[in-house]
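Q: Taking the hints into account, I'd like the entire structure generated from these sequences.
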Amino acid sequence: MASATLRPLLDHRLIVVTGKGGTGKTTVSAAIALAAAQRGRRVMVIEVGRDTLIPDLIAPGHGPVGYAGSELSPGLHAMRVDPFEALAEYLGIQLGVPTLVKKVLGFEGFRQLMDASPGWRELITLGKVWHLEQMQEDGVPRFDLLVVDAPATGHGVTFLDVPRVVVSAVRAGPLREHTERVEALIEDPTRTLLLPVALAEELPTRETVELVEEARSRLSIHVDRVVINAMHPAPFREDLSALPAWLRAIPPDTDLGGLPDPNTLAFCAEHLAARHALNERYADEIERGTKLPSLRLPYLPAGTRAGTRGPHPLAALAPALLGDGA
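Mapped onto my numbering, the consecutive letters of the sequence shown carry residue numbers 1 to 326.
FYI, nobody ran anything at the bench for these hints, they're computed from the structure.
Glycine is no exception: its CB is placed at the ideal position from the N, C-alpha and C atoms.
Any given hint could be a false lead.
Here are the simulated distance ranges between beta carbons [what the hints assert, rightly or not]:
hint, residue 1, residue 2, range
1, L278, Q134, 38 to 46 Å
2, G21, D224, 20 to 28 Å
3, R7, D56, 25 to 33 Å
A: Set out below in structure tokens:
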């Protein structure tokens with residue numbers, strides 16, 4: 001469970017969410033952004049992959065947000081960082097000829113050359129994140145919180161390691177200067193937090209432990225907790241642990257008033273109890289292996305898609321994420 005001494009999640013300026021594919025890191029990114037906006041923060045949630053998924057999670061039917069970004073709900077903006085658009089923006093500012101830069105970047109041969117060049121996508125993407133963190137309006141930050149839905153485990157560490165590699169390789173000049181600023185943001189524990197997301201299952205547990213170990217050995221980014229997503233609750237109270245046996249003791253042809261037969265009910269009870277026990281076992285293993293406290297998010301049987309009425313389903317994750325009892 002989360003330690004009571006952890007710094008509140010929303011006290012950070014930048015939260016980088018990563019984890020094995022399929023663990024729900026995009027859902028967690030959306031849930032954090034939504035919870036922060038509902039608590040009065042000005043939030044930008046950033047996707048860096050090829051697909052744009054968060055707008056539909058937060059505001060179904062909103063449509064693509066693109067590089068320019070869009071407001072999904074009051075105070076909550078979303079964008080997808082396209083590396084070529086970010087590069088065009090950066091070079092346009094540095095060279096003062098944005099029209100010429102866009103023409104050059106539009107040449108297929110140049111794009112193929114860039115696609116073959118390692119590291120630039122990650123660096124220019126993180127540079128855009130730094131730029132967003134620095135933006136101000138009327139002397140105050142434009143956004144209180146940036147949430148980055150980072151690449152999945154493995155690529156996620158490489159993504160964050162690129163600034164260190166560039167700084168170590170480039171001796172001087174604008175590239176080194178700008179990269180040092182990005183590196184300073186990533187390595188500042190008062191501003192930035194790496195937030196791994198896992199499922200309490202065998203393979204995600206192993207990969208999460210490896211991710212945290214690799215982050216500690218290769219990166220200087222702050223990581224002090226791990227999110228364990230989709231935890232199945234105990235299906236019944238501890239004093240009802242014998243419920244499956246009681247159900248199996250009922251004659252199978254007993255009429256239970258429209259309910260399934262006793263054996264089916266017993267099977268379901270056993271399955272739910274076993275699923276809960278499995279989750280608890282691997283959640284404990286994640287905490288032991290990473291030496292970090294966990295934020296354990298509940299499994300949402302109805303899914304995360306918002307309806308036309310009632311609170312957003314993602315709001316059910318806020319109490320465990322923020323620890324505020326909301």
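Q: Against the structure shown, which of the earlier numbered hints fail to hold, in ascending order?
A: none
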